[in-house]
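Engineer: Listed below, chain by chain, are the residues.
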Amino acid sequence: MSTSLQKKFAVISNAITVRRLASEAEAITAAHEAAAEIRELAKIANLNDKVPQRQADILSEYGLTAIYVPKEFGGLGASIATVVDVVRIISTADGGVGQILQIHNVMIRGVFNRIDDEFRTRLIADILAGKRFGNALAEGKGKGKGGLTRVERNAEGKLILNGRKVFATGCLLAEWISISATSDEGPVGVLLNRNTPGLFLEDDWDAFGQQHSVSGSIRFENVEIDERFAPKVGGSVGGLPGRTGLTWPQILHAAIDTGIARGALEAATHYLRNNARVWVDADVEKATHEHHTIKRIGEYAVAVRSAESVLKYAAKLFDQHKQDPENEALQNELILAVATVRAQSDEASLYIGRDLFSLTGANSTLAKWNLQRYWADARVHTTHDPVRWRIYHVGNYYLNGVPPDEYGRAARLRREELAAATGATHQSV
Amino acid sequence: MTTTNANNIQWEKPPTLITQPLQKITSEADAIVAAYAAAKEIAELAKDHNLQKEIPWRQAEILSQSGITAIGIPKALGGLGASIATIVETVRIISTADGGVGQILQIHHVMIRSVFTRPDNAARQLLLNDIFNGKRFGHAGAETGGKTKFDHKTTAQRNSEGKWVVNGHKFYTTGSHLAEWFSAGAKTAEGDIGFLVNRNTPGVFLDDDWDAFGQQHSVSGGVRFDNVVLDDRFVNQRNNEPAVDSKTEPTPPVRTGLTWPQILHAAIDTGIARGALEAAIEYLNNNSHVWVDADVERAVQEPMIIKAIGDYAIAVRTTESVLRDAAELFDEYRNTEDNHHLQDELILAVATARAKSDQASVFIGSDIFSLLGASSSYNKFNLNRFFGDARVHTTHDPIRWRLHHIGNYYLNGVPPDEYSAASARKRAAALVPDQLGAIL
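First to last, the protein sequences are chains A and B.
So in this note's numbering, spot 412 of the first sequence is number 412, and the numbers just go up one at a time.
So in this note's numbering, spot 302 of the second sequence is number 302, and the numbers just go up one at a time.
Please keep in mind that the hints were generated in silico from the structure rather than gathered at the bench.
Check each hint, because a few of them may be wrong.
As the list claims (entries may be wrong) - In silico lysine-lysine, DSS-like type, Cα no more than 25 Å apart, as pairs:
1) B/Lys153 x A/Lys286
2) A/Lys71 x A/Lys368
3) A/Lys286 x A/Lys368
4) B/Lys53 x B/Lys40
5) B/Lys47 x B/Lys380
6) B/Lys380 x B/Lys53
7) A/Lys43 x B/Lys53
8) B/Lys380 x A/Lys50
9) B/Lys153 x A/Lys368
10) A/Lys368 x A/Lys50
11) A/Lys368 x B/Lys53
12) A/Lys286 x A/Lys71
13) A/Lys312 x A/Lys322
14) A/Lys368 x B/Lys40
15) A/Lys50 x B/Lys53
All chains, full assembly: derive it from the sequences and hints.
Structural biologist: Shown next as structure tokens:
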């Protein structure tokens with residue numbers, strides 16, 4: 001069943017020609033064009049639960065999946081600001097498809113830091129050809145994260161991968177899949193092609209939103225890993241990431257919610273102009289003339305514009321940080337800025353997504369309009385990195401002067417402290 | 001059995017419903033106990049994601065068998081004569097389990113009210129017996145299209161025998177799909193009529209076409225009238241004067257006429273808010289992971305989660321208090337209906353309950369996922385139903401206009417209005433001035 005799925009959801013159709021984008025401005029234009037096509041598909045309620053093969057192909061065709069390839073590798077070398085804005089624009093149309101692009105941009109970053117070999121050349125060629133990357137980190141219930149998927153050496157000395165991952169965003173439509181696993185020598189990162197024998201992609205993502213992020217599961221059954229390329233046992237992948245290591249995925253996550261908020265605002269004004277009827281108390285000819293409605297739309301717009309400004313600021317800061325990565329004040333400011341945009345976009349997308357129905361009225365709740373997708377996408381997407389902890393770190397900085405942290409790192413540092421305090425246990429691990 | 005109407009819409013004849021109450025409720029305290037028992041059964045069905053889009057046959061039976069559909073019959077007519085406070089509370093309790101099923105009970109209570117004020121005759125006795133026997137009432141008044149919600153196209157003409165024959169298409173016919181009787185209206189050359197129609201009347205087609213993202217169990221889809229001949233005993237001519245033109249409006253409603261449906265609507269959202277709070281607590285106890293940053297053993301020990309649950313609980317307790325207060329005021333008002341101050345207070349109290357319950361149910365229904373985590377968004381847990389139900393249910397009476405009337409009272413001293421009264425007055429103002437007196 002799974003093997004046929006792999007063929008069914010081919011990475012990209014053979015017929016695709018990938019547009020070569022010559023400038024960042026062209027990338028933004030292409031993103032708007034792609035978003036317009038994706039938006040038409042997003043409106044169709046019957047496609048909510050369908051794998052977004054066509055939408056993913058649109059991302060590739062417009063060249064949007066390749067803009068982050070650095071100039072020295074033959075790419076556009078787009079700035080963080082542009083990559084972030086492209087993810088935001090796509091997400092105004094469909095937050096799930098935006099997340100496919102988000103995870104792709106996060107996962108390809110590692111490729112550019114690899115040693116210059118035949119494998120890297122192949123990966124970069126694939127990215128430039130429109131192929132996409134996905135990730136498989138999370139696991140279901142079990143002992144902590146990354147515990148059950150393991151790499152072990154068999155009798156012949158080969159590395160063998162076994163286990164199962166969930167929330168494997170984008171993988172069903174990705175050429176390359178980045179996997180975290182444990183081993184006797186510590187945590188490892190593995191990059192596998194979708195067609196690797198023993199790798200099974202499942203079409204089992206069934207949440208009430210972000211269906212188009214295809215975040216279902218992957219199984220690994222005695223997958224033999226080609227050691228020339230993939231795992232770096234005990235390498236940096238599972239080790240302590242840089243202090244700002246999570247700002248990249250996080251700012252792109254914020255771009256998704258910022259886009260969803262804008263999409264919801266536009267869907268609301270469109271419905272009010274074309275479909276809403278005048279409320280019986282209101283002394284107006286058209287629903288769009290009612291004062292309460294006008295003022296509330298103003299509130300939505302202020303929320304959207306705020307999130308967009310905060311996102312833009314964080315993205316610019318990120319570009320600065322890339323030039324000056326050791327600057328600790330800049331690191332602080334970046335973490336705070338990204339946390340701020342996570343908070344603001346979380347709030348804006350959920351607020352507008354849930355509130356718009358108070359203006360658009362009863363008829364707008366019929367499934368055929370598919371307007372609940374904004375709330376649902378925002379709600380499902382914002383759960384995996386709870387914003388209360390983003391805000392906590394901001395508060396702890398302002399109130400107690402504690403350098404702002406990203407999740408995972410704080411927990412890891414605490415565990416290390418604990419391990420140091422009980423040295424014997426540490427030795428035996 | 002499948003039948004087809006003139007428009008070739010196929011309709012699956014529903015199964016016979018068992019409605020006879022299993023026990024006679026003899027006190028208001030018993031009614032509350034019965035509501036809790038029914039809610040418990042309904043809650044089990046509500047959790048099942050696969051039942052979300054199914055007609056709630058069983059849930060409707062549970063309502064009727066519990067006896068709570070009959071508690072509104074006045075003592076003078078042989079019923080329990082439950083207070084407003086008790087009826088409101090039973091609707092709230094059922095809605096903690098399933099807001100859609102709560103709305104079936106809500107519309108039933110609204111619709112049976114007019115039965116009690118009918119002339120004492122065999123027709124009334126027939127209706128009363130049906131209510132005693134657990135049959136339910138629905139409402140098929142609304143239509144889609146039209147500039148406002150009162151702009152309707154369903155019409156009736158007299159046939160050669162002088163009987164009314166109705167043709168038209170209603171939507172948002174809450175409860176009708178599972179009701180024995182439902183009320184509707186039509187425009188005629190002699191003014192507007194209102195009527196009650198039995199589900200088995202020839203030419204009545206109940207469409208299973210309610211497809212919203214919430215309140216699926218309120219069965220608020222379409223009802224078609226295809227040359228339906230009405231029973232004169234159940235037709236009510238709203239306006240005895242010959243129509244000036246087709247825009248003539250029905251007699252203006254009583255000023256507090258909508259407080260009854262509205263307080264019951266508020267009871268639904270208050271129930272949904274409580275249901276969402278309880279579901280969140282259950283999930284946090286049984287399913288949630290500890291977040292990686294939190295220095296606790298179990299998710300329920302994380303201070304920020306504890307505080308957020310506290311916020312939800314305060315929102316729920318506040319709306320419950322406001323609802324209770326409004327219901328008590330309603331009982332008081334029923335004893336002195338001409339007291340203008342009490343009318344003001346009642347309208348303000350009910351609008352307050354609508355506002356607080358709207359806010360609490362939509363907010364908690366949406367916010368719980370920020371605590372529960374990513375896995376809680378799987379469809380198998382069906383936890384989005386609280387938001388879906390609250391959001392869909394609160395749209396048909398937009399809260400901004402409840403707040404507008406409260407604000408206009410406090411700021412400008414304008415007596416608080418309900419929407420149909422405000423709208424009737426406005427439409428009346430559009431007529432020639434000497435007609436105004438007659439209508440107001």
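Engineer: Run every hint past the structure and note whether it holds.
Structural biologist: Structure-based check of each hint:
no.: 1; hint: B/Lys153 x A/Lys286; verdict: holds, 20 Å
no.: 2; hint: A/Lys71 x A/Lys368; verdict: violated, 45 Å
no.: 3; hint: A/Lys286 x A/Lys368; verdict: holds, 23 Å
no.: 4; hint: B/Lys53 x B/Lys40; verdict: holds, 20 Å
no.: 5; hint: B/Lys47 x B/Lys380; verdict: holds, 9 Å
no.: 6; hint: B/Lys380 x B/Lys53; verdict: holds, 14 Å
no.: 7; hint: A/Lys43 x B/Lys53; verdict: holds, 21 Å
no.: 8; hint: B/Lys380 x A/Lys50; verdict: holds, 17 Å
no.: 9; hint: B/Lys153 x A/Lys368; verdict: holds, 23 Å
no.: 10; hint: A/Lys368 x A/Lys50; verdict: holds, 16 Å
no.: 11; hint: A/Lys368 x B/Lys53; verdict: holds, 14 Å
no.: 12; hint: A/Lys286 x A/Lys71; verdict: violated, 53 Å
no.: 13; hint: A/Lys312 x A/Lys322; verdict: holds, 16 Å
no.: 14; hint: A/Lys368 x B/Lys40; verdict: violated, 32 Å
no.: 15; hint: A/Lys50 x B/Lys53; verdict: holds, 19 Å
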